[in-house]
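Asks: Protein chains in written order, with the working numbering: chain A, 2 to 114; chain B, 4 to 119.
Hints are computed from structural coordinates only; laboratory data are not their basis. Watch out, some of these pointers could steer you wrong.
[Claimed, not checked] Far from chain B by the CB rule (all over 10 Å, computed), these chain A residues:
id, residue
1, Gln-7
2, Ser-8
3, Pro-9
4, Gln-42
5, Val-53
6, Asn-54
7, Phe-56
8, Gln-57
9, Glu-63
10, Ser-74
11, Ala-82
12, Ala-93
13, Glu-102
14, Val-113
15, Thr-114
[What the hints assert, rightly or not] For lysine-lysine, the following DSSO-like pairs were computed, each having C-alpha atoms within a straight-line distance of at most 30 Å:
id, chain 1, residue 1, chain 2, residue 2
16, B, Lys-72, A, Lys-10
17, B, Lys-99, A, Lys-71
18, B, Lys-52, A, Lys-98
19, B, Lys-52, A, Lys-10
20, A, Lys-72, B, Lys-72
21, B, Lys-118, A, Lys-98
22, A, Lys-72, B, Lys-99
Computed from a predicted model, the values in this text were never measured in an experiment. The beta-carbon is built from N, C-alpha and C at its ideal position, and this holds for glycine as well.
This is what each chain is made of:
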Amino acid sequence: DGGITQSPKYLFRKEGQNVTLSCEQNLNHDAMYWYRQDPGQGLRLIYYSQIVNDFQKGDIAEGYSVSREKKESFPLTVTSAQKNPTAFYLCASNHWKTPYEQYFGPGTRLTVT
Amino acid sequence: AQSVTQLDSQVPVFEEAPVELRCNYSSSVSVYLFWYVQYPNQGLQLLLKYLSGSTLVESINGFEAEFNKSQTSFHLRKPSVHISDTAEYFCAVSDKRDTGGFKTIFGAGTRLFVKA
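One chain only, chain A, in its complex shape (with noise of 0.2 Å):
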């Protein structure tokens, strides 16, 4: 079955760690994209990438770092820079001829305390 996973499903880190979340997807869809969701604010926009070995950022990029280095991945590290790691983090893809419709992966709800 196509679709993308993103694991862990639920992930607890010490403040100050870096932590890298994983996203994968076997849609062979070009255009990958990570957001953060919070309780009533919907989704915001983190990083995306368009193609292998390109990515850019999105509207609340600061914290985060991100690489494309294939097709099928599309890794976001939370760094300690991050203010407020707290938070449900999702990936979605796309395919180029529907560049305007996104796929989700089920989620990574990150705990730092």
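With chain A held as given, fit chain B onto it using these hints.
Replies: Just chain B now, kept in the frame of chain A:
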């Protein structure tokens, strides 16, 4: 800049009653409109979309939404809800970026709670 407003943060409704979840967006030349549904601790699933053509679009589980260009709205309706419809619903708008590709803006979400 594009914006999406979901007018109700929570909508409680009794089972088998009708429901409307409201969504307004800021004007643009042409946009694509979406409703997504999210169950607790899961990702978003596409419920229905308007790309062009008929202004009334339907989903397989009884939801429908109507694109109203003059009112810049895309309200979601269901004539009779089930307990299983309890979830959070997000309205989203995609339009073209100046730098290429599309940007999607999401509303803050409406939590639908269906009571027995």
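Asks: Now look at each hint and say whether the structure bears it out.
Replies: Do the hints match the structure? See the list:
no., hint, in the structure
1, Gln-7, "violated, 8 Å"
2, Ser-8, "holds, 13 Å"
3, Pro-9, "holds, 13 Å"
4, Gln-42, "violated, 6 Å"
5, Val-53, "holds, 15 Å"
6, Asn-54, "holds, 16 Å"
7, Phe-56, "holds, 12 Å"
8, Gln-57, "violated, 8 Å"
9, Glu-63, "holds, 19 Å"
10, Ser-74, "holds, 17 Å"
11, Ala-82, "holds, 25 Å"
12, Ala-93, "violated, 8 Å"
13, Glu-102, "violated, 7 Å"
14, Val-113, "holds, 18 Å"
15, Thr-114, "holds, 19 Å"
16, B:Lys-72 with A:Lys-10, "violated, 40 Å"
17, B:Lys-99 with A:Lys-71, "holds, 25 Å"
18, B:Lys-52 with A:Lys-98, "holds, 16 Å"
19, B:Lys-52 with A:Lys-10, "holds, 28 Å"
20, A:Lys-72 with B:Lys-72, "violated, 37 Å"
21, B:Lys-118 with A:Lys-98, "violated, 41 Å"
22, A:Lys-72 with B:Lys-99, "holds, 22 Å"
Going down the numbered hints, you'll see the structure goes against 1, 4, 8, 12, 13, 16, 20 and 21, while the others check out.
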